[in-house]
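Undergrad: With the hints as your guide, set chains C and W onto chain B.
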Amino acid sequence: MTASRSRCRPSFPPLRGLLPLGLLLLAWQLLGSESSPYFPPPSTWARGLQRLWENGTLGPAARETLVTFTLSLGLATVAGSVLGLAVGAFRRVDRAVGPTLEFARAMPPVAMVPIAVLLIGYGEAMKVAVVTLAAVWPILLNARAGVRTIDPVLVDTACSLRLGWFDTVCKCTAPALAPSIILGVRVAAPVALVITLLVEIVTRVGGLGGLIALSQRNYLSGQVYGLILVAGLFSFLVNGLVALLEGAVLRNRPRS
Amino acid sequence: MTSPARLLRRVNWLGLGTLGLLAALWEAAVRSGAVAYQFLPAPSAIAGSAGDLVASGEMGAAVLHTLQVTLLGWALAAALGIGLGLLLGLSPTAWRYSMASIEVVRAIPPVSLVPVALLAFGFSIRMELTIIFFVSAWPVLVNTIGGVRGVRSELLDVARMLRMSRATRIAKVVLPAAMPAILVGLRLALSLSLVLAVVAEMIGNPHGLGNALMSAQQALQPEQMFAYVLAIGVLGIGLNAVVALAAARLVPSASARRPEGGRR
Amino acid sequence: MTTTGTRVRQVTAFESHGVGVELDSSEGRRRILAGVDLRVADGEFLTVMGRSGAGKTTLLRVLGGLLAPTRGSEVRFQGRPVDGPPDGAVFVFQNYAASLLPWRTVERNVALGLERRMAKAEIRARVAEALAMVGLADRANDYPWRLSGGMQQRVQLARALAVRPSALLMDEPFGALDAMTKGALQDQLLGVRQRTGATVVFVTHDIDEAVYLSDRIVVLDGSPATIAREFEVDLPRPRHQLTTKERPEFLEVRRAVYDAIVDGHD
Chain B
1 MTASRSRCRP SFPPLRGLLP LGLLLLAWQL LGSESSPYFP PPSTWARGLQ
51 RLWENGTLGP AARETLVTFT LSLGLATVAG SVLGLAVGAF RRVDRAVGPT
101 LEFARAMPPV AMVPIAVLLI GYGEAMKVAV VTLAAVWPIL LNARAGVRTI
151 DPVLVDTACS LRLGWFDTVC KCTAPALAPS IILGVRVAAP VALVITLLVE
201 IVTRVGGLGG LIALSQRNYL SGQVYGLILV AGLFSFLVNG LVALLEGAVL
251 RNRPRS
Chain C
1 MTSPARLLRR VNWLGLGTLG LLAALWEAAV RSGAVAYQFL PAPSAIAGSA
51 GDLVASGEMG AAVLHTLQVT LLGWALAAAL GIGLGLLLGL SPTAWRYSMA
101 SIEVVRAIPP VSLVPVALLA FGFSIRMELT IIFFVSAWPV LVNTIGGVRG
151 VRSELLDVAR MLRMSRATRI AKVVLPAAMP AILVGLRLAL SLSLVLAVVA
201 EMIGNPHGLG NALMSAQQAL QPEQMFAYVL AIGVLGIGLN AVVALAAARL
251 VPSASARRPE GGRR
Chain W
1 MTTTGTRVRQ VTAFESHGVG VELDSSEGRR RILAGVDLRV ADGEFLTVMG
51 RSGAGKTTLL RVLGGLLAPT RGSEVRFQGR PVDGPPDGAV FVFQNYAASL
101 LPWRTVERNV ALGLERRMAK AEIRARVAEA LAMVGLADRA NDYPWRLSGG
151 MQQRVQLARA LAVRPSALLM DEPFGALDAM TKGALQDQLL GVRQRTGATV
201 VFVTHDIDEA VYLSDRIVVL DGSPATIARE FEVDLPRPRH QLTTKERPEF
251 LEVRRAVYDA IVDGHD
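If you're matching them up, the sequences are chains B, C and W in order.
Position 40 of the first sequence, counted from 1, bears residue number 40 in our numbering, the numbering being contiguous throughout.
Position 88 of the second sequence, counted from 1, bears residue number 88 in our numbering, the numbering being contiguous throughout.
Position 145 of the third sequence, counted from 1, bears residue number 145 in our numbering, the numbering being contiguous throughout.
Among the clues, some could well be false.
Here are some chain C residues pointing at chain B (derived, C-beta under 7 Å) [claimed, not checked]:
1) Tyr97
2) Met99
3) Ala219
4) Pro222
Computed far set for chain B versus chain C, every beta-carbon distance over 12 Å [as the list claims (entries may be wrong)]:
5) Ile182
6) Leu193
7) Gln216
8) Arg217
9) Tyr219
10) Ser221
11) Pro254
Bear in mind the hints are in silico, worked out from the structure with no lab data behind them.
Just so it is clear, CB atoms sit at the ideal spot from N, CA and C, and this is done for glycine as well.
Pulled out of the complex, with its shape left as it was, chain B reads as follows:
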């Protein structure tokens, strides 16, 4: 049987629970005034989004956010896996580097933004740097934990078959670590998305967040709300994709 992935994923609660939300939106639409700068009704959201789509700003902004997110998550996965592997495999390294890592981890990413801006400047590199820094921790921690659970017999087997270190890593260690890493990625993905938006909102450097901040400054509140919905949609999509990825990686494995 395929490995169970519904074990950890809770199913969505009954759909009739959407009633309050639906009623709220309906009331909002009926009672809200179009000209209200603070709580514009949902119809204005749709209109705002449509406007953005038609004048060609929504597409590129969404694409930019997506690119930053994907790039950062990729870098975070590589860095987190390698570092986590190094730290998990060698006790000495773990003890030596531990406090430094804990210290770095405690620095909230939001506080890193001004520093990154000052050191790297406004731009894609700065965004990727901050988001990667934020997203690397879950992956690193999970990789470290995963290394500790690798059975030594596996390594002995590779050694006895004279596999060579490259083959040992590719054929034995990496696949054995894959479930832990993918778990880390599952936790890191939402973090990466949120921090991407955060950086964009705070620095106004492009992407969906930048668009939100811009709309807010221009008091285009309907647009703001609409864009927030788009952000929420992104969040759903990201979670769904990562769940699919997890399913693919854990296919043909026994339930541990």
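TA: Then chains C and W, alone, in the frame of chain B:
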């Protein structure tokens, strides 16, 4: 082994030493000009700047503001979250007719709501508090619901058998049993509160550590910036530690850690 | 075809001189083995026995190049010094579940030691041959964790055989299996050995198993451990689960080994 000696042995000298070594390397690199970023200060400069800020009271004022706002927003969120969470957790009907909505709203990345708060409340403390309260309430709410619904039916049977009144049952069985989950929610909410406070201060409210950080950036004062970053980090660690400690004292069984599962 | 007596060939598979091993433990470095002199002839079936913790597995790992002995020890395989798993010797582990790769099919598991060392066609042929030798040809495309314990151990054996080793080092390979499966696998091992002529160095707790399978049994004892006793097993081959075990010679050796292990401590 005597107590102080054992304590000394448990300190991770290798780790602290590495940290110190890195700081020293950083210092040396900047001083010798090997690494000459225009805006990368040496640790000594950061420390000096931090000292100045503390002495002048600026650091204290900023920390106080952020701390107050964070705690207030968090407390309000906790009250609402736990109260509403109890309600929704105990009543299956209420749960059925609201959980899906909660899940949908929860999916919205919290940080994107800051501009909305700005729109509604402008540059003010109210904006900051509102956003903290609104966003932090969700983890508490969801975790409380989860905790209450997760109370083992055997325990509820015991309560019924002992003919406990509804209020007693909630107070003596449900709430304590749901405590671990509630605590997790509270801790998440606290971290979130701090982050949002800083974000709100960075773009909306002219007080607090976030604002001080941005001002330092705009004034091109990297030493001060790093000092404020450290302050934010320390504040975060401190808050977390205090909550963990309080939880361990007040509700010892709830925060009992499961042993780390590792081979060897 | 029966042969009486052990074949003492001139060719030596393994030899060790003055092998000592020190390992880290909670009380500091402990000497597990000291001064172990051993000579295993080519094609011989040698079993190493001793009480729990005596150092049987340690000795096996030293012979297999998985553990380095202290300086001054000498370990050779086919005349060449051992410093790492030697070419031609393969280890078979007790914990088969951890040794097989759960993300690979049985077939690909067996191929693990062959990849990138020969042409794909030859790999396929060898895998098929190895699986046939252990009787699992029809499970090639299954995943190991779907198979029973006995079958998984056979997969590990097939993986070892695919490499066409001249020596097998087996660390309590049948320890986790039930009695019926154990008997079947013992016979399968003997059959494989008869066909391939491989040397086998075997570790087990089970005295019956040791006497049934071996040409020679050595018993480790002491702290640090050395070879305390040695027994020749002069039983005819091929061996049979029932008739061999009824022979008086079998019972004699069994008794002697039992006394050496259970009572033979100072």
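Undergrad: Compare the structure with each hint and give your call.
TA: Okay, the hints, checked on the actual structure:
1. Tyr97: Nearest chain B Cβ about 6 Å off; hint holds.
2. Met99: Holds. Min distance 4 Å.
3. Ala219: violated, 11 Å
4. Pro222: Hint holds; Pro222 (chain C) Cβ to chain B Cβ min 6 Å, cut 7 Å.
5. Ile182: Check passes; 18 Å lies beyond 12 Å.
6. Leu193: Leu193 (chain B) not clear of chain C: closest Cβ-Cβ about 7 Å, inside 12 Å.
7. Gln216: Violated, because the least Cβ-Cβ distance between Gln216 (chain B) and chain C comes to about 4 Å, which does not exceed 12 Å.
8. Arg217: violated, 9 Å
9. Tyr219: Violated, since 7 Å does not exceed 12 Å.
10. Ser221: Contrary to the label, Ser221 (chain B) does not stay out of reach of chain C, its closest Cβ about 5 Å off (not over 12 Å).
11. Pro254: Holds: least Cβ distance 17 Å, greater than 12 Å.
Going down the numbered hints, you'll see the structure goes against 3, 6, 7, 8, 9, 10, while the others check out.
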